[in-house]
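**Q** Take a look at the letters that make up each chain.
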Amino acid sequence: MIPLSWYLILAAALFGIGLFGVLVRRNAVAILLGVELMLNAVNINLVSFWRYGDVTSMAGQVFAVIVFAVAAAEVSVGLALVISVYRRRNTVIADELDLLKW
Amino acid sequence: MTGTQIIFLIVALFTLGSALMVVTTRNLIHAALWLVSTLFGVAVIYALLNAGFMAVVQVVVYIGAIAILFIFAVMLTRKDLRDNTPQMNKNWWAGALIAVLTFGGLVFTLQGWSGFSKTAAAVPSGFDAISQLGDQLTSPAAYVLPFEVASVLLLAALVGAVYIAFNKK
Amino acid sequence: MTHEFVTSLVWLIPLPPLLAFALIVLFTNKNKALSHTVAISAAFLSWLGAMIVFYNAVKTEHFGEHPFASAVNWLPTGETWLKVGVLIDPLSAAVLFFVGWTVLMIFIYSVGYHNYGQPAGDHDHAGLPPHGATVEEHGHKHVVPSIEPMYSRFFAFIGLFAFGMYTLVVSDNLLTLFVGWEIMGLCSYLLIGFWYGKPSARNAAMKAFMTTRIGDVFMLIGISFLYYATGTLSYREIFTEETLHVLASVPSGVFGLSAAGLIAILLFIGTIGKSAQFPLHVWLPDAMEGPTPVSAMIHAATMVSAGVYAVIRMFPLLTAGWHEGAPLTSAMTFVAFIGAFTAIFAATIAVAQNDIKRVLAYSTISQLGFMIAAIGMGAYIAAVFHLITHAFFKALLFLGSGSVIHGMEHGVLHTGNHSVDPQDMFNMGGLRKKMPVTFWTFLIGGFALSGFPLVTAGFWSKDEILADAFANGHLAIFITLAVAAFMTAFYTMRQITLTFLGEARTKEAEHAQENKWTMTAPLVVLSFFAVTYGWVGIPEHFPLLGGLVPNWFHEFVGGTLAEHPPVLEFNIVPLLTSLVVALGGLALGWFVYKDIKSPAEDKLQIPFLKNKYYFDEAYEVLFIKPAVWFSEVFVSKWMDKGFIDGILHLFGPATGGVGSAIRNYFDLPVINQFLGDGSADVTWWVGKNLRPIQTGRIQQYLILSLVVLFVVGGLLYFLLLA
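Protein chains in written order, with numbering that gives the first Met the number 0: chain F, 0 to 101; chain G, 0 to 168; chain C, 0 to 721.
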């Protein structure tokens, strides 16, 4: 009924949008939002491959669950960093955080 | 066009629309809220994929925890309460181009794969995905190790986040 | 003594003086006594060898046909060898005799002349004549003659000279003759310039060397030509019938002379230089700057005689194509003319000279002219005879003059008046009383020179030359030589009168003293020969005396030639002429000069004669100034400093120019600026322009990395997979 390609295209689009957000947004928190979108796209991919492959093998879902955990950990640490940076530098504009150079 | 397909299309458009709003809206609180709607859309997609557990976990963890966390973070890092500065940096066209290219590249690569347009097999009757999932996650012969490591990772993240964001004064 | 033994002995004769030279120079230089002992012993050994050889030569029957000859292969020349060796034939035996005696006498004389045994001078310098030493004697100070500072050096040089002369005499070929010739030329230079501190001595030495060199060049050309024509330089090989005939008939292309004539003339030019004939006579009077033993030995007895000996040796070549009684060949005419002209020319100069040695110098030139005129006329025996007698009495006269000068110097030291010239005859006078031995021996020598009849050797030899000239019809030569003989007697008597007779004209002459035995004994020995030597050559047809003793000289020396020279018929004319010119000249000389007290009264002090016909001045302008100009201006200034140094001086700036061009046009712009600074600038520019990439903004880093990923991925996909 629904071919796999639709899910994959959906995931790819979502991934592209998330990538766009990462590359383009000024606010650091907004960048992390984009990251979240990308992770969700990945998860959609994984689950659709589970459903459209061997359903009895739970590897796809397990992988998706681990991704959840990782995403959560990453968001928490990332936002903690953003808050810490905001306290120090009083800004969250990514362009102003440019010490990672010579 | 079957009903499932129509539902899928509606949900997909909804999700993608929300995602676009996430990355373009100026007001960050709005962005966070749009994220919530995107996540909802993704949860519905999971449900369409017969991954009920994933749908619920998506709502509980992503929307309930992560999106809330985002809202907190936005609030804690506001210099002034109005966001009237542009939210996209000056290279937005490069980012757009790359995003489009990425999408195009992914699709292009995938459509060369033979299984690109296959349809879903029926779920075997009596197949309990959740118990199977639980079994896989805790069985030593299966994925208990990644599961445990993931929990350690969460612990580390917890400690790290607290430490980093701790206000010393 | 076997023939072979004597021949080997001949090889050894020249060696002792050479050894003496080496020993003195290397070892005994500091020790004066040892030096003169070495030298005189060497001269004695050579004398002994010479006497032994002479005795054996005289003893041998028909010596001319089997002389003492020995040669060795020396220079390989392709198929053949150039041989060198020794030859004692009658001519060289006779010459060896007088060389041995005169050399030994002069060596002994030098001991006394250089004041051996006297103290070192007050301020004597090596290079200047000794000037006297002050000694305390009986309470008051006395200046006595001092010893020559360079005493040993003198003996070394005369030793080397003796070696050269002996080599020349004993050699059997022109090559070693020339070697001896040149060694003597060198020693002449060294000895004339013995007192090198005096500029006049230095200049005289150079003049002597240069002038004789001119002659030597032509002689060498002659030797080369001879070698080219015949392939040999040995006398015995050249003087064969066939060789002489060929040389006489082949025209040489020069002045219409035959090859023999041209070679003979070229060799004769060497003699003109060495024996101071006109026009190369200018060096001999100046050579009197040397010590008197040098003047005696080199410029009277031996070296100048060597020139005449060389011509006599080459007699067969000179007279090739001529025979007794025929008219003279052009070569012979040339030789005779030079000889006769020189004889009279020098005699005219001698009458105006006031220095005692100068008179003798011009006298030597004149007498050598006699000998050469004789050879030019073909009078072989007469020339050899006069050569030998002249050697004895001229050596005697020079040594006598040295003795006079020595005595006068004693007087000068006594009075302390150093402005008085001890050699000027007008400062002398009355010395017969103060220096008797010197007087009598000088008288004998002077009479021999003048040709005093019968009892002196000079008479017999000079008479023979005049007789030959007259008998062969060479009247021009006869008259010229007769006039020259007259002038000879005249100036000789002038010399004796001014020096010895009358009263002392200066205080210095009053205090003159006779010298030691080392100086007077040689005078006596030489005067013995000056008297007696003439008697070995009394012509056969001489009235009364001829025939009493055989003419040993004619027999002996005549054997040298292939054809024995004929004995002359006696003619009264030349004999009378000799008597008249000799006695007349002597009488006139005594008569004119017995009362003259100063040069102002001397009518013969004609400037033209006194200044030697201004020949020295003429040569200065004609030859010396141009030569000096050529070397100093043309060669040194223009060519060497201007042209060659100019080229060299171009190298420096040229190299500098090249270097700075490379520096400025290549090194600085290309290497430094373009490559060096350029690469630095490029690197800096690249760095400056790449640096902005590192903005520190992660979004831009992300974009960049994704772009690269796409590019690389696309390339890989399309190149590898598609």
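No wet-lab data here; the hints were simulated from the structure. A couple of the hints might just be wrong.
[As the list claims (entries may be wrong)] Looking from chain C toward chain F, a few residues come up when the C-beta cut is under 10 Å (computed):
(1) 137
(2) 141
(3) 143
(4) 687
(5) 688
(6) 695
(7) 696
(8) 699
(9) 700
(10) 701
(11) 705
(12) 707
[Unchecked claim] Below 27 Å or equal to it, Euclidean Cα-Cα: the simulated DSS-like pairs (lysine-lysine) are:
(13) 515/C x 31/C
(14) 140/C x 515/C
(15) 167/G x 89/G
(16) 506/C x 636/C
(17) 100/F x 117/G
(18) 140/C x 100/F
(19) 687/C x 89/G
(20) 506/C x 596/C
(21) 515/C x 687/C
(22) 506/C x 140/C
(23) 432/C x 197/C
(24) 100/F x 89/G
Given the structure is predicted, the values throughout are model-derived calculations rather than measurements. Glycine included, each C-beta is placed from N, C-alpha and C at the ideal position.
**Q** Take the hints in turn and mark each one as holding or not.
**A** Results for each hint:
The interface hint given for residue 137/C is violated, since its Cβ lies 116 Å from the closest Cβ of chain F, which is over the 10 Å cut-off. Interface hint at residue 141/C: violated, since its Cβ lies 110 Å from the closest Cβ of chain F, which is beyond the 10 Å cut-off. Because the smallest distance between the Cβ of residue 143/C and any Cβ of chain F comes to about 108 Å, over 10 Å, the interface hint for this residue is violated. The beta carbon of residue 687/C comes no nearer than 12 Å to any beta carbon in chain F, farther than 10 Å, and the hint placing it at the interface is violated.
The closest approach between the C-beta of residue 688/C and any C-beta of chain F is roughly 14 Å, which is over the 10 Å cut-off, so the hint fails. The closest approach between the C-beta of residue 695/C and any C-beta of chain F is roughly 3 Å, which is under the 10 Å cut-off, so the hint is satisfied. A least Cβ separation of about 5 Å between residue 696/C and chain F falls short of the 10 Å threshold, and the interface hint therefore holds. Annotation: interface hint on residue 699/C holds; nearest CB of chain F at approximately 9 Å, less than 10 Å.
The criterion of a C-beta within 10 Å of any C-beta in chain F is met by residue 700/C, whose closest approach is roughly 8 Å, and the hint holds. Here the hint on residue 701/C is kept, as its CB sits about 6 Å from the closest CB of chain F, short of 10 Å. The interface hint given for residue 705/C holds, since its Cβ lies 8 Å from the closest Cβ of chain F, which is under the 10 Å cut-off. Interface hint at residue 707/C: violated, since its Cβ lies 14 Å from the closest Cβ of chain F, which is beyond the 10 Å cut-off.
Pair hint residue 515/C plus residue 31/C holds up; C-alpha atoms about 18 Å apart against a cutoff of 27 Å. For the proposed pair residue 140/C and residue 515/C, the alpha carbon gap of about 22 Å is at most 27 Å, so the pair holds. Taken as a hint, the residue 167/G and residue 89/G pair is broken in the structure, with Cα atoms around 36 Å apart against an allowance of 27 Å. The straight-line distance between the Cα atoms of residue 506/C and residue 636/C is roughly 54 Å, outside the 27 Å bound, and the hint therefore fails.
This hinted pair does not check out: residue 100/F and residue 117/G have alpha carbons roughly 48 Å apart, beyond 27 Å. Between residue 140/C and residue 100/F the alpha-carbon distance is near 114 Å, which puts this suggested pair outside the 27 Å criterion. The hinted pair formed by residue 687/C and residue 89/G meets the criterion: a straight-line CA distance of about 22 Å does not exceed 27 Å. Restraint check for residue 506/C and residue 596/C: the C-alpha separation of about 14 Å stays at or below 27 Å, so the hint holds.
About 111 Å separates the Cα atoms of residue 515/C and residue 687/C, which puts this hinted pair outside 27 Å; it is violated. A hinted pair counts as satisfied when its Cα atoms are at most 27 Å apart, and residue 506/C with residue 140/C qualifies at roughly 19 Å. Our distance criterion of 27 Å between C-alpha atoms is broken by residue 432/C and residue 197/C, whose separation comes to about 33 Å. A threshold of 27 Å between alpha carbons decides the hint, and for residue 100/F with residue 89/G the separation of about 20 Å falls inside it, so the pair holds.
Consistency with the previously given hints fails for numbers 1, 2, 3, 4, 5, 12, 15, 16, 17, 18, 21 and 23, ordered from lowest to highest.
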